[in-house]
Amino acid sequence: MSRSKLTMEDVRAVSPALEKYTLDKIVNGLWKRPDLSSRDRSIVTVSVLIARAQTIGMLHYFNHALDTGVTPGELSEIVTHLAFYAGWSNAFFAVQVLREVFAERGITAELLPEAEPVLLPLDEAAEERRAGIVEQSAGAVSPGLVHYTADALFHDLWLRPGLAPRDRSLATISALIATGNVAQITFHLNKAMDNGLTSVEGGEVLTQVAFYAGWPNAFSAVPIVKDVLAKRAA
Amino acid sequence: MSRSKLTMEDVRAVSPALEKYTLDKIVNGLWKRPDLSSRDRSIVTVSVLIARAQTIGMLHYFNHALDTGVTPGELSEIVTHLAFYAGWSNAFFAVQVLREVFAERGITAELLPEAEPVLLPLDEAAEERRAGIVEQSAGAVSPGLVHYTADALFHDLWLRPGLAPRDRSLATISALIATGNVAQITFHLNKAMDNGLTSVEGGEVLTQVAFYAGWPNAFSAVPIVKDVLAKRAA
Amino acid sequence: MSRSKLTMEDVRAVSPALEKYTLDKIVNGLWKRPDLSSRDRSIVTVSVLIARAQTIGMLHYFNHALDTGVTPGELSEIVTHLAFYAGWSNAFFAVQVLREVFAERGITAELLPEAEPVLLPLDEAAEERRAGIVEQSAGAVSPGLVHYTADALFHDLWLRPGLAPRDRSLATISALIATGNVAQITFHLNKAMDNGLTSVEGGEVLTQVAFYAGWPNAFSAVPIVKDVLAKRAA
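Protein chains in written order, with the working numbering: chain X, 888 to 1121; chain A, 888 to 1121; chain G, 888 to 1121.
Rather than coming from a laboratory, the hints here were simulated on the basis of the structure.
Bear in mind the structure is a predicted one, so any value in this text is a computation, not a measurement.
Yeah, the Cβ is synthetic: ideal placement off N, Cα and C, and Gly gets one too.
It is possible that part of the hints are untrue.
As the list claims (entries may be wrong) - Partial pick of chain G residues on the chain X-facing surface, computed with a CB cut under 8 angstroms:
{"id": "1", "residue": "893"}
{"id": "2", "residue": "897"}
{"id": "3", "residue": "995"}
Pulled out of the complex, with its shape left as it was, chain X reads as follows (with noise of 0.2 angstroms):
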């Protein structure tokens, strides 16, 4: 499946619409917009994708991810970002097709962040507030689910190196919007926003993301970021 790969003319042959749309309002409109950079662009892309496990984009986003400043590591890192915000199956689908593309591209495992780097510090007070959040809503219900958030996530898996801060949370929020998990916005793109990214790059997510994963997802995100957007600006 992973081999299977889609041709203008195959779309033309059924639509000739979405091929001109395709064109007009993708490759030539959205992607060559100002308000975020191409890289970001595939860093959201791919993120919705994978999400969605939609592997019939992967082969072509995952080598344009490669080819608009996404390292190779960087890939790799979101892939494993997401198997924990999309579910384990969503990254072994990314998988089949990545390594593929590593292969073709002879990139090897040297070449990839290792299992276990050197974590970037955490942020204590943060992490303080988050664990007090999680531990509230969730600690009488699923002690599991508590333990692992801390151990797997927050004590790790944001602390790797190979993926900065502010990228990660932008993959995390292109899957929540791309999946319609509305819930999860609100303390993720304050993430976001804290580690970097800018209320226009925010908006334009929900632009990148509307076509990817449809106007419905974007539009379901809208009030809940205009209203993280509002209480930051207040």
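Based on the hints, put chains A and G in the right spot on chain X.
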């Protein structure tokens, strides 16, 4: 992948009960109910499959749609429409299968809607209301999303003559219910009914979607549909 | 597609970290926790995979389910059950893989639950309450949905003896959490606990689903699970 085809023998080998339900409840039950035409059921079903990227049923139901009165041009437009309402990759998954169906039936590009047809006239008053609502909710958040919602969707896609507005709405609400995007159902169900969908048909869409996208998605839509019907009856 | 199989070598070639997490957190961590049996974890995991149409993990986990005490007949029933609770195509994706697993193990139709077995007795009082709630919410909206919810689901599927009611409930809530269908969790978690699921097991289901369907889906379910537990304890 698009070639994978499941037979009733395969189903029986895993679950004799699933074969029985498929025949009794769906083939000889659901599809013969009077509240929605076979053609409408086809539009609902292919929209659900495309919106959920469920390639496994596409070969059968794309053919069934053509056999129940959906024209090749209408099917082409549904795929294009759902690129925007379910995500670009969803449309591309559908292209992969539909290209084969068209090839087998000798349906070539001349039989499909052209890329840039003469558009239907814009309902200026309705469009002004819609643009106002979108501007108010998303204007300060995502100018790109506001731009493309007008430029690509309401001034272009929705005015393409290859699919009647009522059928375009039917595809849209089917996709929304099937993907749990309840927040957009109110706007689009009202639009569907303004475009001619009856309340009986709307209710039966829920029945059809229940089988193809699961009971939970159908039931999550029930209170919204109920509210729309109540307000229109008042 | 059902034949695609990912090896740990593939995972390592894309992300040494993902291999490490898979072994440390899932294989040697999650699955060895005491709060939920291996058999229950298998029911949860295959239900998550089926509900999300994630074919990539099915070959491994269908076999693992059979190796941890889920019988072929129970696995057959889970697929059939989730046709209704996740969508018909989801069940058909599972059939494609499970047919191979059964063939390799020599499991033939005689070992599977028959299409029309003697059903379990109906709990008339509980059924009257359920029917009343559904009639009130959906009766005026979708008579078809009301009809099939009784006829196909609660007077038939739920009474099939091939899967214990408690395990049927476990499959159902796993699918609901994994697909973000939070609105139905209250009813089905209560039903699961009426059928014997403990609150400790319920909490650990969230941990299991977090890994296979992503953290956001698990956390979206937390407040609903918490509310159910609080009301039952009161």
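Hints, verified against the model:
Below 8 angstroms, beta-carbon pairs count as interface contacts, and residue 893(G) has one with chain X at about 5 angstroms; its hint therefore holds. For the restraint placing residue 897(G) at the interface with chain X, the shortest Cβ-Cβ distance is roughly 5 angstroms, inside the 8 angstroms limit, so the hint holds. Given hint, residue 995(G) at the interface with chain X, is violated; its Cβ is 29 angstroms from that chain's nearest Cβ, farther than 8 angstroms.
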